[in-house]
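> As a plain string of letters, each chain reads:
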Amino acid sequence: MDITFYFPPLADYVATFPMLVLAVAALLCVVVDIFYNDAKGVAILAGASLLVTLLFEAARLSLPPAKALYGMVYVGGTASLVNMTILFSGFLTVLIAQPYLKRLGRNYGEVYALLLVAVVGMMALGSAANLLTLFAGLETMSVCLYILTALVREKDGAIESALKYFLLGAFSTGFLLYGIALIYGATGTMDLSDFADRLASTNAGVMFWGGTALLLVGFFFKVSAVPFHMWTPDVYQGAPTPISGFMATASKTSAFAAMVLVLGRALPSAQWQTTVAIVALLSMVIGNFVALAQSNVKRMLAYSSIAHAGYVLTGIASATPEGYAGALYYLLVYTVMNVGAFGVLAYLEHDNRQGDTQTVDSLAGTGQRYPLLGVVMAVCLFSLLGFPPLAGFFGKVYVFGPAVKSGLAWLAVAGVLTSAVSAAYYLRVLYVMWMKPSPDDAVAPQFEGVPPLAAVALAGCAAFLLLLTFTPWVMDAAVAFFRDVPAAIVSLP
Amino acid sequence: MLASFIPLFLQILMAAGLAYTLLIAAKKLGPKRPNAVKTMAYESGMDPVGTARDRYSVKFYLVAMIFIVFDVEVVFLYPWAVTFREFLTRSPQLGLFVLGVVGVFLAVLTLGLVYDIKKGGLEF
Amino acid sequence: MDLPLYWVALIGFAIINFFLVSASVLVYYERKVSGWIQNRPGPNRVGPWGFLQPFADVAKLIFKEDISPTASSPFIHSLAPVLMVTIAMTTAALIPFARGFVIVDTEVSALLVLALTSIAVYGVTLAGWSSNSKFSLLGGLRSSAQMISYELAMGLSVLTVVLITGSLRLVDIVEYQNGPGAWGILGWNVFRAPIAALIFIVTAFAETNRAPFDLPEAEQELVGGYHTEYSGMKFGMFFLAEYVNFFVASFVIVTLFFGGYLLPWEDALLSALPGLKDSVLLGVLQVLSLLLKAAFFAFVFIWVRWTLPRFKYQQLMTLGWKMLLPIALANVVLYALFFTFKALLGWGG
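Going down the list, the sequences are from chains B, E and P. Position 353 of the first sequence, counting from 1, maps to 353 under my numbering, and the rest follow consecutively. Position 110 of the second sequence, counting from 1, maps to 110 under my numbering, and the rest follow consecutively. Position 198 of the third sequence, counting from 1, maps to 198 under my numbering, and the rest follow consecutively.
Hints are computed from structural coordinates only; laboratory data are not their basis. Even for Gly, the Cβ is constructed at its ideal location relative to N, Cα and C. Worth double-checking, as some hints may not be accurate.
[Said to hold, decoys possible] Cross-link-like lysine to aspartate or glutamate pairs, in silico, EDC-like; alpha carbons within 20 angstroms at most: (1) E:LYS28 to P:GLU65; (2) E:LYS27 to P:ASP214; (3) E:LYS59 to B:GLU154; (4) E:LYS119 to B:GLU110; (5) P:LYS342 to E:GLU86; (6) P:LYS322 to E:ASP71; (7) E:LYS118 to B:ASP361; (8) E:LYS32 to P:GLU65; (9) B:LYS67 to B:GLU154; (10) E:LYS119 to B:GLU154; (11) P:LYS312 to P:GLU175; (12) P:LYS312 to E:GLU123; (13) P:LYS322 to E:GLU73; (14) E:LYS27 to P:ASP57; (15) E:LYS119 to B:ASP38; (16) E:LYS38 to P:ASP105; (17) E:LYS28 to P:ASP214; (18) P:LYS322 to E:GLU123; (19) B:LYS164 to B:GLU154; (20) E:LYS118 to B:ASP194.
[To be verified] The calculated label-pair distances, taken between Cβ atoms and stated as ranges, are: (21) P:PHE338 to B:PRO268: 31 to 37 angstroms; (22) P:LYS322 to B:GLY210: 45 to 51 angstroms; (23) E:GLY103 to B:GLY188: 54 to 60 angstroms; (24) P:LYS60 to E:VAL69: 44 to 50 angstroms; (25) P:LYS322 to E:GLU86: 32 to 38 angstroms; (26) B:PHE171 to E:LEU111: 39 to 45 angstroms; (27) E:PHE76 to B:PRO268: 53 to 59 angstroms; (28) B:ALA11 to E:VAL69: 54 to 60 angstroms; (29) B:LEU20 to P:SER34: 57 to 63 angstroms.
Looking at chain B on its own, in the form it has when it is part of the complex:
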């Protein structure tokens, strides 16, 4: 028996420091929870660990991309950017969710442990250099999200949405896993950077492309692209609102990042470009038009998130470094504006008796009563709409621009037109919030305002979206960075 073995170099532990820290912090959360039963302490621990890792990743942003842990994950550069987006979403979610869950009487310590573990899974998924890492990350993330969805378990809707999410999610994971198995069978490798060589030397047959198709189905499900989007509205509606925001942003970011890694690095674009473009078109059209018909605000945001998946897919469909860069930039912006929008909705739930079955009409007059929430919502929704001076606009420029350059002008046109459609439902919410007077029979506001930390988080979201507008140099630097780094992703070794 020959045992060959390598001690992992210390650099590996440094490189994967955020994942390790968060995993340990999640375990610590459990310990604190069972021995001290201190949900507030757990929340502080979770928030602090997320903040530390966020700063750590920010410091690594300028490093060139590299691999760590026996070539299983990417670190530095683009991976850092994706991790930052995920961590940012997680951090904001902790700030917003803690007071919200406390009001609901659901401020369990486990929530934060699950959130941290989900973040670890997302980071593994978003920086996977190997299909095994990808799958492990995906499962870690999904299982935690299934549980978080059913947090308010006495509520029928929560159970229903968690069960739907779980069954469909397990099903789609099956697709993904079969895809990985077929790809492995065809190429004999799970390492993403080996695919190009193997494909060049062997004739990729039905087995390989079948596997790729199944893999794509799994991805499309996770990013809720049409026609695999049916779970999204139900799940976002049933889950606690800040958790919906977390799911809509962080899990999508990681799944999209993994998609960029797999499609951009491992597979020749000629084979998948059309498919992705068609899915992008369907997502934009169906997402935006169905959102028009929604009366529940959370469902409306869910359909809008389907449409946004379409925008991001447009960037990916261009199959150029600029397109991938634009997609990742868009995801960062999208994360901030969606966490903000869901956060505002979470606090407006405390405003009247409707709870989280908020209809658009139930928001009447809330803008006047809670100016902070009203302003944040306005900034976020205008940005989601892609209104020119806000970050969402630049995001759209960076995804539609490369698409035009790659000869997908029709897709970009469709994107712009459907964005115009989206104005109808985003502006309706703002109109009701600010212009419509509260109905006479409205219950007197029962809540004393937004707790300070959550207010800071929400204001931060709005400020971030504005910041990019009024300080062009930040934007230029950001764009230069985004233009620069993903070029390294697509350059095949």
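Go by the hints and put chains E and P onto chain B.
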């Protein structure tokens, strides 16, 4: 390698044959006079109420789920246990590292057990 | 063994018959020992000293009517006892009876023992469910919960043995216990890992559903547990499986912890009497040694039955999950640490 399992399959076949023979023998040799009361499910002499295929305590599912976790843990530990002393004889430092790896694995699962006990998952 | 397959089959058949007969003898043995412990004569009418009593019982069971309840699932109702007997008889073939005398000699025999034991859970659960009677269902559920709970601690105590011997092959495990020279029986695993041995014996009681872990058939509360609705030979088969199981469990205890077929001070004995080595006599002596040790543990099984009262259900679960499992786990870690420090400090070469 696989050949060493052939006696096992033979043994399973023979044991199953014995069991089947006993079953058939009892069927052939015993009397057969069933009646409605005799074949009724036993419920302390009363007529059975409802069906037995009913819902039962969720605790049993909980035990089953925790069992799966720890059973898989034990299965993962077997390859380690077989080779651990081999590692140690090759290089004690390597053995220490391997112990550390398994230690992390055990620590996480033990934390799971402690969590379960503290949360009352095993109270009956 | 490099015997032709028909020899293997023949020996396997002989072993099955041996265990069939020994199950009957065990029933007699248990009733006699029970009688002795309770200060009464026990069976004494059929044959000399009542020795033929179990055989008469078997004959009776075969000629009894086989009732399957109207609401039951007939196929599964018959499958359950068949499964139990098959598993019990197959496990018996894994035991090394003497040096070079083992039917199923694989690299992973210790794992196979555990795997087969865990299949027995299916027999009990299916029996409880298929009868469609409330007592049966509850008995089956209790039994499956109990068996899977104790399987963990059992697996971990076997793990300790595997850690010490570095092999999953039962033959290797037995040979490892052969203490050199004057060490003799001190080489047995029971002296190397006493805690693991204790845990294994306790869990063996639970796995075979023997008192004080006989909750699945607690007659005061559950009538007959999972075999409430069984009669005739099907009931007889559960009975048979139970006795074979506890005899096999005795064999496994001896094999893992009490030197298996080894004679006491075998090493010293062989150096004193070199002619004995590789002789048929040694083989016979080894088989006898194994049988004697196993008979002792069979006696312990019966002895415990009349000494300890039955557990309550929540005591049972507490013992399994909060005592045995953590202790067994800590025991494994302790031995791993011990070996590591031994290697690091260079003790004992």
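> Looking at the structure, which of the earlier hints fail to hold?
2, 7, 9, 11, 16, 17, 20, 21, 23, 26, 27, 28
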